[in-house]
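K.L.:
So the protein lines, in turn, are chains A and S. Everything in the first sequence is counted per our numbering, starting at 952 for the first residue and increasing by one. Everything in the second sequence is counted per our numbering, starting at 13 for the first residue and increasing by one.
For the record, the hints were derived by calculation from the structure and aren't laboratory data. Here the structure is a predicted model, which is why all the values come from computation and not from measurement. Treat the hints with care, since some could be wrong.
Reference listing, derived: stretches of chain S covered by chain A, where coverage requires no fewer than 3 residues with Cβ under 8 Å from a Cβ of chain A [what the hints assert, rightly or not]:
| hint | region |
| --- | --- |
| 1 | 23-33 |
| 2 | 87-93 |
| 3 | 119-125 |
Chain S residues, not near chain A, derived (Cβ > 10 Å throughout) [what the hints assert, rightly or not]:
| hint | residue |
| --- | --- |
| 4 | GLU139 |
| 5 | LYS142 |
| 6 | HIS143 |
| 7 | ALA175 |
| 8 | GLU176 |
| 9 | SER178 |
| 10 | ARG179 |
Straight-line C-alpha distance at most 25 Å; calculated DMTMM-like pairs for lysine to aspartate or glutamate [stated by the list, open to error]:
| hint | chain 1 | residue 1 | chain 2 | residue 2 |
| --- | --- | --- | --- | --- |
| 11 | S | LYS47 | S | GLU120 |
| 12 | A | LYS956 | A | GLU1066 |
| 13 | S | LYS142 | A | GLU1066 |
| 14 | S | LYS39 | A | GLU997 |
| 15 | S | LYS39 | A | GLU1066 |
| 16 | A | LYS995 | A | ASP972 |
| 17 | S | LYS39 | S | ASP148 |
| 18 | S | LYS142 | A | GLU997 |
| 19 | A | LYS995 | A | GLU985 |
| 20 | S | LYS47 | A | GLU1066 |
| 21 | S | LYS168 | A | ASP1026 |
| 22 | S | LYS39 | A | ASP1050 |
| 23 | S | LYS168 | S | ASP148 |
| 24 | S | LYS47 | S | ASP148 |
| 25 | A | LYS956 | S | GLU117 |
| 26 | S | LYS39 | A | ASP1002 |
| 27 | S | LYS167 | A | ASP1026 |
| 28 | S | LYS47 | S | GLU139 |
| 29 | S | LYS167 | S | ASP148 |
| 30 | A | LYS995 | A | GLU962 |
| 31 | S | LYS47 | S | GLU117 |
| 32 | S | LYS167 | A | ASP1027 |
| 33 | S | LYS142 | A | ASP1050 |
| 34 | A | LYS956 | S | GLU120 |
| 35 | A | LYS956 | S | ASP27 |
| 36 | S | LYS167 | A | GLU985 |
| 37 | A | LYS956 | S | ASP97 |
| 38 | S | LYS39 | S | GLU139 |
We treat Cβ as the ideally placed atom computed from N, Cα and C, and that holds for glycine.
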Amino acid sequence: MQLQKLGYVVELLRGPWTCFDANQYGSLIISDIEETIATEEVNKLESDVRDLGLSLLVVADWYDEMSLLRGSFFDDNTHSQWFPVTGGCNIPALNTLLDRFGMQLGVQAFSGNIEITRNHKVFHTMSRGHYAHLFYYMLLLLPG
Amino acid sequence: MLTSFTTCCCCCQVDFLYGNTISSWPKGGHVLRSKAGQLSPVNGGSLRGQFSPTQVVLGLYDVGQREERGVSGRIAVFGDSSFIDMSTYAFTDEGKYESSAGKRELLEMLMAFVNGGILPMVQNGVEELKHDSFADKRLMRALSATETVDISVLKKEETLRNAEHSR
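Excised from the complex, chain A in its bound form (with noise of 0.2 Å):
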């Protein structure tokens, strides 16, 4: 609703990465991804970026070891201990995609607040000549 207000067309992919035409949306948003991701989204997302101009927007979450193993417990049924498969976010598997750009997040969380000021410049013209996102398993953004 946000991005709606300021004036950008969303529209939600329901499917995995490799199930979208990059040569029709400006951009993806990767938001709190809790699912592994495949060698072939990465792939085509690289390609996509690389070789389409599709542009990343990547919103993480939480992903502490420390809290994870907190999270643990012994399940009475099957005897056994058990281990919360992901945090927040998968942050291991959102790096397998940064990587490929020589990015990584932490697995260390933190909290606190930070400072944000605004006061923009241009820093090149836009490479494309029409606005478009998406959000992975929500949106994707057509020419406005």
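Based on these hints, arrange chain S on the given structure of chain A.
P.N.:
Chain S only, in chain A's frame:
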């Protein structure tokens, strides 16, 4: 064509609620660091050592410009999703959810970069990694080991931590 302009300058606080910071960012990208004391590690951190008081919370990278491929896209990474999470928005008297100015500003800033290549100015704390890439090894795990959490390693760390505390 390189055009530049400045808009109004105002400071907004954005909550960073239980999120992860960036441990590695390539040369030529831009990063925003938190100021000392703004972020603290959840669970008091681990035994991987003392964390830097300033953490990289936001990364911006123009793949096309850095790799001299005109058509390539841009990548923006932020480690906490609460600024787009409606459950953290204030509920107004009109019965609507409204995000704070800081959250709106952050969203606008990120969208402006990924869609228009508009970069926040350097004086706002966003710095360019001109000469070197950024890497904080205390926050990193080797990719081969990150697919599943190594419970035995964590248990050892936890035991050592408890021993430190009891001392």
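K.L.:
Are the hints correct? Go through all of them and say.
P.N.:
Outcome of the hint check:
no., hint, result
1, 23-33, "holds (count 11)"
2, 87-93, "holds (count 7)"
3, 119-125, "holds (count 7)"
4, GLU139, "holds (13 Å)"
5, LYS142, "holds (15 Å)"
6, HIS143, "holds (15 Å)"
7, ALA175, "holds (15 Å)"
8, GLU176, "holds (13 Å)"
9, SER178, "holds (17 Å)"
10, ARG179, "holds (19 Å)"
11, S:LYS47 with S:GLU120, "holds (22 Å)"
12, A:LYS956 with A:GLU1066, "holds (23 Å)"
13, S:LYS142 with A:GLU1066, "holds (23 Å)"
14, S:LYS39 with A:GLU997, "holds (18 Å)"
15, S:LYS39 with A:GLU1066, "holds (24 Å)"
16, A:LYS995 with A:ASP972, "holds (10 Å)"
17, S:LYS39 with S:ASP148, "holds (14 Å)"
18, S:LYS142 with A:GLU997, "holds (24 Å)"
19, A:LYS995 with A:GLU985, "holds (19 Å)"
20, S:LYS47 with A:GLU1066, "holds (8 Å)"
21, S:LYS168 with A:ASP1026, "holds (22 Å)"
22, S:LYS39 with A:ASP1050, "holds (13 Å)"
23, S:LYS168 with S:ASP148, "holds (22 Å)"
24, S:LYS47 with S:ASP148, "holds (16 Å)"
25, A:LYS956 with S:GLU117, "holds (13 Å)"
26, S:LYS39 with A:ASP1002, "holds (20 Å)"
27, S:LYS167 with A:ASP1026, "holds (18 Å)"
28, S:LYS47 with S:GLU139, "holds (13 Å)"
29, S:LYS167 with S:ASP148, "holds (23 Å)"
30, A:LYS995 with A:GLU962, "holds (19 Å)"
31, S:LYS47 with S:GLU117, "holds (18 Å)"
32, S:LYS167 with A:ASP1027, "holds (21 Å)"
33, S:LYS142 with A:ASP1050, "holds (19 Å)"
34, A:LYS956 with S:GLU120, "holds (11 Å)"
35, A:LYS956 with S:ASP27, "holds (22 Å)"
36, S:LYS167 with A:GLU985, "holds (23 Å)"
37, A:LYS956 with S:ASP97, "holds (16 Å)"
38, S:LYS39 with S:GLU139, "holds (11 Å)"
Hint violations for this structure: none, all hints satisfied.
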